[in-house]
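J.: If you want the building blocks of each chain, they are given just below.
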Amino acid sequence: MKTLPKPLTIADVAFIVGGEALGDLAHTVTGVADLADATLSDAVFLENRKYTALAGTAPAGCLFLAPDLKDTPCAAKGKVIVDEPRAAFAKLVRMIDEHAKTKILPTHSLKSSIHGKAALGPNVSVGDFVVIERGAAVGENTVVMPQVYIGVNAKVGRNCLIYPQVVIRDECVIGDGVIIHPGAVIGADGFGFLTDKKTGKHTKIPQIGNVVIEAGCEIGANVTIDRGAVGSTVVKAGTQIDNLVQIGHNARLGRDCVVVSQTGIAGSTHVGNNVVLAGQAGVAGHLTIGDGAIITAQTGVMSDVPPKTVLFGSPGRPHREAFKLQALFSRLPELFDKVKELEKKLGASAGK
Amino acid sequence: MKTLPKPLTIADVAFIVGGEALGDLAHTVTGVADLADATLSDAVFLENRKYTALAGTAPAGCLFLAPDLKDTPCAAKGKVIVDEPRAAFAKLVRMIDEHAKTKILPTHSLKSSIHGKAALGPNVSVGDFVVIERGAAVGENTVVMPQVYIGVNAKVGRNCLIYPQVVIRDECVIGDGVIIHPGAVIGADGFGFLTDKKTGKHTKIPQIGNVVIEAGCEIGANVTIDRGAVGSTVVKAGTQIDNLVQIGHNARLGRDCVVVSQTGIAGSTHVGNNVVLAGQAGVAGHLTIGDGAIITAQTGVMSDVPPKTVLFGSPGRPHREAFKLQALFSRLPELFDKVKELEKKLGASAGK
Amino acid sequence: MKTLPKPLTIADVAFIVGGEALGDLAHTVTGVADLADATLSDAVFLENRKYTALAGTAPAGCLFLAPDLKDTPCAAKGKVIVDEPRAAFAKLVRMIDEHAKTKILPTHSLKSSIHGKAALGPNVSVGDFVVIERGAAVGENTVVMPQVYIGVNAKVGRNCLIYPQVVIRDECVIGDGVIIHPGAVIGADGFGFLTDKKTGKHTKIPQIGNVVIEAGCEIGANVTIDRGAVGSTVVKAGTQIDNLVQIGHNARLGRDCVVVSQTGIAGSTHVGNNVVLAGQAGVAGHLTIGDGAIITAQTGVMSDVPPKTVLFGSPGRPHREAFKLQALFSRLPELFDKVKELEKKLGASAGK
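Chains as they are written, first to last, in our numbering: chain S, 1 to 352; chain E, 1001 to 1352; chain G, 2001 to 2352.
Hint data in this document are derived by calculation from the structure and do not stem from the laboratory. These numbers were taken from a predicted model, which means no experiment stands behind them. Note that CB positions come from ideal geometry on N, CA and C, so glycine has one too. Be careful, since some hints might not be right.
[Unchecked claim] On the chain E side, residues computed to face chain S include the following (Cβ under 10 Å):
| hint | residue |
| --- | --- |
| 1 | M1001 |
| 2 | F1015 |
| 3 | V1044 |
| 4 | K1070 |
| 5 | T1072 |
| 6 | K1101 |
| 7 | R1158 |
| 8 | G1183 |
| 9 | I1241 |
| 10 | D1256 |
| 11 | V1258 |
| 12 | G1292 |
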């Protein structure tokens, strides 16, 4: 498994993450693990209280804990008390990742196909069987892994990481520092056609827009983001998109959103900043979702959502209302019984 | 941005689309845009009444409007009144697309792998790193973009456009004029196995059928259409399939259907003609959906659907019933209160 | 169409599958078909009683039937009575498949890119435009079809079939006899980041784990299985995964599960053995699903599921309860009417 560049004592770890060390300060750890899988040489963290009991029995080298859990009984050799245990843990993960990472040399594979009129910045790496078409540009330090397709006039920024078998179609624009995971398709045609009212036949409307993904976004595996019918489909800076998400033509996602796996956002919908769309959520077209809204898993959004609203259910309702309705729904048998009882009584009392 | 072959006056535009011009007839437009993004040199259209107010303030060159919206206040330099504004707009889009489109020369890339026993029609274009296996055939004028895989004995029709990284597995048949978007997989094995009742172990049943997609269909990005277990999975002429849709083995879709993103249709289900399946709908296996039915978004179909029925909800119910039930569902708190009230009263009245 | 190695009489067929032959024992069949498409030279089977009437009219050569359906009127030339008709049918399908299958010669394409430090076992086949990175290993008899990507240090077992355009990222481990369908992505980064509470900005946490898929699993087209954040995402032996399924980081699926298309399983969830997740089901993170549980289609799982439970609905409830609630839900209009009626009566009786 991947390890730290060198073993760290619990005292070292506390120093690195800015926390308070307790227990066997000289004990060393060499790696990280999940609580359930850890050995005495692993650092672990506890945040989800679901796993508190596990911390009491699971062997571990060093346990990151928040101050309020300081006295949690734990089987680890030592504890490091820190405000954000997950962030502290991530610091070690990053050290391990930097240490273990394959350095990809910035070469252009001879087994790729780079058009003479494509523009590649300094230190760009192009893998085997990559196609970069006429007029495309790839910025400094970007890694284009094998079998990627970059279409005519597409622009990819600096310091991007484009994983194998990504398709970026013509004219699309990818900002700096964007990561695109395998199989994602950026800029396929939007779903647009005219339907003849008499014959029911569909005629395609060419989709002449593009996709613009701003800096610092991450796009999951096998995601599809359609190009605008005219104009752009836009994903603003810092937004994180999980696997198998669909984003329709001319949709706009704000900054720093979180879009969880298998969510679908239909065409021309505008999503604000810092919106969370949980797994398998669906949003109809031409809607507006306000900043900071949270759309819970499997929720169906059929009308505009005010800022900071939490929506639940299909059709989606504000979550307090929805939870109350679900609780009452569970009590329907009781309600039917009561009404039956009332009818009986009233039949009796009315019949008197 | 992409532009018209030459600037057009509003009078020209009205002539081209067969409409009535109003306003500054000599004003010229050079492109198209969405209402929200338009400049004075863009043609735009208004159809969704949600955007009527926007038309009053958004600058634009030429606004296409239906006769009943003729008097809508608008900030555009001129209007063109026409029965189908979106179709008129699409006419200009098509002109722009024809003008801007990269002409792909019908060459066979030397960096492709075309089997000696594959049959390519005249003017077929084969991109880099394409694989075309033994016995496969590709019809006249079809464009096979880079990194596509066409399996043994697969047949692709004439005038098709196969985008990068599509997989068409062995024996599958694609009709004329079909467009397949990146990452789509046609003809993967259906999900078929025998499960031992005692051990719970599964044994694969080979899937020896194929997929038949008829003329004029469009298949979205990262769609999966499984081959028949035996016989064919069929998509009939003119059906439009959006991204990330799943179609199970031996399903049959009728003509001119619309299947929106992330919908799943399980095995052996027969869908009629002109059926609409909205986003994230799911249809169980071995069902029949009648012609012209509409399955709304996120709906779950668990039994046969008569023609022209509109279904809503999971489990799906006819939409009038479903909407009524949803309205009553929202009023459950009120109902519980009323019953409580009745019980009180009756307790009182019965106790007299 | 694909045919049996040689024509078989109904007597032959009965002998092969160990059943009892009835009807024209000398009649021969050459292939298999679905009941609806069969000709007199096809073997067919009847198991789903929905199709019993069809068996009475559809021409066929040989009909496999369970003993309790022995006397079903049928238009086939003969019947073979057998305990498991679908398994008997599958036996013929397997004969046809073995006969028709293209033998792929175990050669390494000169148009592939195999790193000098990759280890390929005997009889491994590597297709065109495949990339196999440094330190990767592929076991004996495995077929790697064109355009596949196998990352640094990834291990693929023996007798595997890796279809075109699969991505197996670095460090992932695939067991013996695994089949992976086109477009599947194994080992993309999990969806993990830290969110700054003040700014709302997300910082990626490197995902340094891997994916382990054990022997005998089948992974559908365009599936995504994310690598562990630390440690492994695990799919245990014999589990069958359909198309477009998402499995989050550090999830663990037990043995011999069935995961139907478009299902999503969020991170760190542990699924037991022999669990069925039907189409479009969604499971939240950090949950436990017990052995033998069945999660029905479109169900949303938000809390732990005991073994052998059948769950239905979103949010998911035990199916008996859920079905009862759905039935009562349909009767809400009636309930509202009754309460109105009661109020009237009581108003009257109370008013006396």
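J.: Run every hint past the structure and note whether it holds.
T.: Okay, the hints, checked on the actual structure:
1. A least Cβ separation of about 8 Å between M1001/E and chain S falls short of the 10 Å threshold, and the interface hint therefore holds.
2. Because the beta carbon of F1015/E sits about 20 Å from the nearest beta carbon in chain S, more than 10 Å, this interface hint is broken.
3. Among the interface hints, the one on V1044/E holds; its C-beta lies about 9 Å from the nearest C-beta in chain S, closer than the 10 Å criterion.
4. The criterion of a C-beta within 10 Å of any C-beta in chain S is not met by K1070/E, whose closest approach is roughly 21 Å, and the hint is violated.
5. Proximity of T1072/E to chain S is violated relative to the hint, the smallest CB-CB distance being about 18 Å (cut-off 10 Å).
6. With a cut of 10 Å, the hint placing K1101/E at the interface with chain S holds, because the nearest CB-to-CB distance is about 8 Å.
7. Taken as an interface hint, R1158/E does not check out: its beta carbon lies about 17 Å from the nearest beta carbon of chain S, beyond 10 Å.
8. Because the closest C-beta pair between G1183/E and chain S is about 5 Å apart, less than 10 Å, the hint holds.
9. Look at I1241/E: its Cβ gets to within about 9 Å of chain S, closer than 10 Å, so that hint holds up.
10. With a least beta-carbon distance of about 5 Å to chain S, the hint placing D1256/E at the interface is held under the 10 Å criterion.
11. At a threshold of 10 Å, the smallest CB-CB gap from V1258/E to chain S is about 7 Å, leaving the interface hint in force.
12. The beta carbon of G1292/E comes within 8 Å of a beta carbon in chain S, closer than 10 Å, and the hint placing it at the interface holds.
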